[in-house]
Amino acid sequence: MSSEISVRFRSLRSSAPFWSLRYHDERRESLAMRQDTIEPPSLSFDRGAMLTAIVDGGYGYCATSDLSAAGLQAALDRATRWAEATRGKSVVRYEPSQMDAPRGEYQSAALAEPPSRSAIHDMLAAECTGAKLDDRIVERFAAVGLYDQERAYFTNTGGEVRQRFRFTVPYMRVTANQGTVTQARSLDYEQQGGFELIERSRFAGSGARLAEEALLLIAAPNCPSEKMDLLLMPDQMMLQVHESVGHPLELDRILGDERNYAGTSFVTPDMFGTYRYGSELLNVTFDPTRREQLASFAFDDDGSPAEKVFLIRNGLLVAPLGGRLSQSRAGLPGTANSRACAWNRPPIDRMANINVEPGTSTLDAMVSSIRRGILMRTNVSWSIDDSRNKFQFGCEWGELIEEGRRTRVVKNPNYRGVSATFWRSLRAVGDATTFEVHGTLYCGKGEPNQVIHCGHAAPACVFAGADVFGGAE
Amino acid sequence: MKGQFFSLAARLDQDLASSETLLCNVSAERSDFIRFNKALVRQAGSVSQCYLTLRLLSNRRQASATLALAASDDDLAHAREALASLRTTLRELPEDPWLLINENPQSGDAERRGKLAPSAQVVEEAIGTAHGRDLVGFYAGGTIYRGFANSLGQRNWHEIDTFNFDWSFYRQGDQAVKTGYAGFDWDAAALAGKMAQAGERLELLALPRRTIEPGEYRAYLAPAALNDIVGLLGWGGFSARARQTKQSPLLRMQEGATLSPRITFTENIAEGIAPAFQGEGFMKPPRVVLIDRGELGEPLVSPRSAKEYGLATNGAGGGEAADSLDVAAGTLGEEEVLSALDTGLYISNLWYLNFSDRAAGRITGMTRFATFWVERGRIVAPVTPMRFDESIYRLLGDALVGLTRERELVPDPSTYGERQTSSARLPGALVSRLRFTL
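Chains as they are written, first to last, in this note's numbering: chain A, 1 to 473; chain B, 474 to 911.
Honestly, I wouldn't trust all of these hints.
[Unchecked claim] Label-pair ranges, simulated between beta-carbon atoms:
{"id": "1", "chain 1": "A", "residue 1": "57", "chain 2": "B", "residue 2": "601", "range": "45 to 55 angstroms"}
{"id": "2", "chain 1": "A", "residue 1": "6", "chain 2": "B", "residue 2": "587", "range": "50 to 60 angstroms"}
{"id": "3", "chain 1": "B", "residue 1": "594", "chain 2": "A", "residue 2": "331", "range": "26 to 36 angstroms"}
{"id": "4", "chain 1": "B", "residue 1": "586", "chain 2": "A", "residue 2": "270", "range": "49 to 59 angstroms"}
The set of hints was computed from the structure by calculation and includes no laboratory data.
Here a beta-carbon is modelled for each residue, glycine too, at the ideal position from N, C-alpha and C.
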């Protein structure tokens, strides 16, 4: 379809010196089983285009699902009128000369095609059945999401980019209850690729495994409340990095665009190059090159070519997360992360893949180094202030560590801290054997609101003296 | 739009085999979006979108497909392709024991025309009325459409012209006053009045800022702040499925715990702005009492939960969340709030709430925007953002001193995927203690 759009784009006319078209075509299929019943399968076919125009420093967009030449021309005309209406009133003077005219392609590395729906349903049924250990298991839910996306970007200056993405997302959740205690364990494996991800996620057998863990949790004591060392496993590091490194470094937040909704940042432009964000063990990158990560791509949605960039090197803050426009506004370097969730939303700064680079500690060495501490995995609760500083996060699973040994399971493990000081307490970073790739499909931000996917890969990490606490008695 | 949708549904009905039933839902909008920062335009544009969801039923099996329509002659062909795809899918499925649709057609029509301002006028008036203040916010306006049709002959339509201008004035750093202006008829004078009020409150933020130590404080939660708490409870709190599977944050109420007798929550479709029909064609009752004077009331029961648990559906959507939540008013006059608070925190807004312990009803979140320290009934200082961590059984239980007589209608400004039609109407709440931890 993008070839036809390309032809129609070339027939468009505008008085604007610069205009562009961004085309999205997405097919989604959701297959799920709850308890022992197949949920109704749902398919989605979403296709449309956003036309943008720049006139005398003004900028406008118009999104339409009418992809005929006439429909696209009407949208371009509307975008041009918006650009004319906002010239002289824009927070930044949009310049055609700053707009990329990229050419290139990208395609997800997908090795395996999905089997039939029946085969997938059988796979889901096996996990739901396997999770039915006893009557305390009150809910079993298994699902697979299959996503195929085609994105194309054309400019009147000769730019033409085509990118195709595939995501295969298995999910399993088992909930146990006894009296007023309810606990859940889940598997949430979010990567880019084909059906080979099902095997890589260890989905087979997850039903019984998660059920056993949920039953352990309802019988476990509450997490104690005290200062102790905190060992975060990669599936919780994902959330920690996302909320207290990724968002604070987004340039549009620093520039104030998000102050009415998602919030601002404790990071200010003068901090880049001088601010100690974390201990010397901390190295954080924007990395769109790991092919299996959710937000790997060759170009962002404004056509900027994507490459790996260090954001924090040896604990020092060196670069923000901002696309071409934000870089120009802030006078700072940045990253290719101007992204839109769909054809009907404009690109804004989004974090894409933000990773903690592996260190040198094995998991055993990290556990052995802890006299009194706790291991936490799998996020269940997240809350952080609008400057991305004061946070409180909770996990599904906690294990006390006493005198260098993992001793017992605890429920409702939570911790709270302040981003500006928490990362400085990082005292061990796991090696490549502890490194895992995770991500989320559901990062919300922007006005109009957008939910987008982000990837986060990290090793297990130890933080000294964290403020840890448990649930209500 | 209405004619096109019903005509398309009728054409698709003609393609059905005798064993098939088709449900069609449409969700569409024509919107202007204007984003402001520093009293200038950051991004402005228009979105025209129309999503058709087809749910095909045959021999107790069902599957659905959603497609973006182009408002062109191609739509029928695309819908027929989707229908063919659904027929293939149904052949691979077993019977669905939890399938339930409305088989007694109840057609209806609700349209509300508004007087929306041309977008260029919104830009001019928003920037002009800010009078040089640091305005940041978002205007969304235009027509929202929701429709339902099934092959049993039911036809429902909901069409409203609305706008929602959700904005803040910033003083410096994270110090701001947040408010909003939403409705059906744009009125420049009303906007100017709201901006003037916000401007007065902004002046209070110039007072020397105070940092409050963690601990327990008497507090007043303005309606917008209470809305965040009630909204969090709505994440499974009123759902029949969550109740049956013991995942409700109100689980302890299922076991006998109660809130203050001052607390009554109602799903009040009759007085909200959301459609009265849902995806399976069921009509929603005018009112469902969710919490009745502190005791657990009826849950919201989707058709699927109704079949699974042997309950009667009350027309809830699949998410079993309230669309038009109404919190009963109290007796505290708005003008008495500061004197009744005496000494403590006046909290205009909360932010980023979540559960510290869901099953126990323990919640956490941050203060945001204008929060003030009050002494002897007088605002004396803005305070820095603070984190609270509190049980709802204290907050809305024995710590609840009173609710205001006046209530605010808070339309949901969110635009995830589409502009929302949900809203809440609620009072402010005075509590004797709220626990702050960070």
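Outcome for the supplied range 50 to 60 angstroms, where the beta carbon pair is residue 6 of chain A and residue 587 of chain B: 39 angstroms Cβ-Cβ, so the 50 to 60 angstroms window is violated.
Status of the given 49 to 59 angstroms range, CB of residue 270 of chain A versus CB of residue 586 of chain B: holds, 51 angstroms
Residue 594 of chain B paired with residue 331 of chain A, Cβ distance criterion 26 to 36 angstroms: Distance hint for residue 594 of chain B, residue 331 of chain A holds at roughly 34 angstroms.
Cβ distance range 45 to 55 angstroms for residue 57 of chain A and residue 601 of chain B, holds or violated: violated, 20 angstroms
The structure fails to meet hints 1, 2 from the earlier list, while all remaining hints are met.
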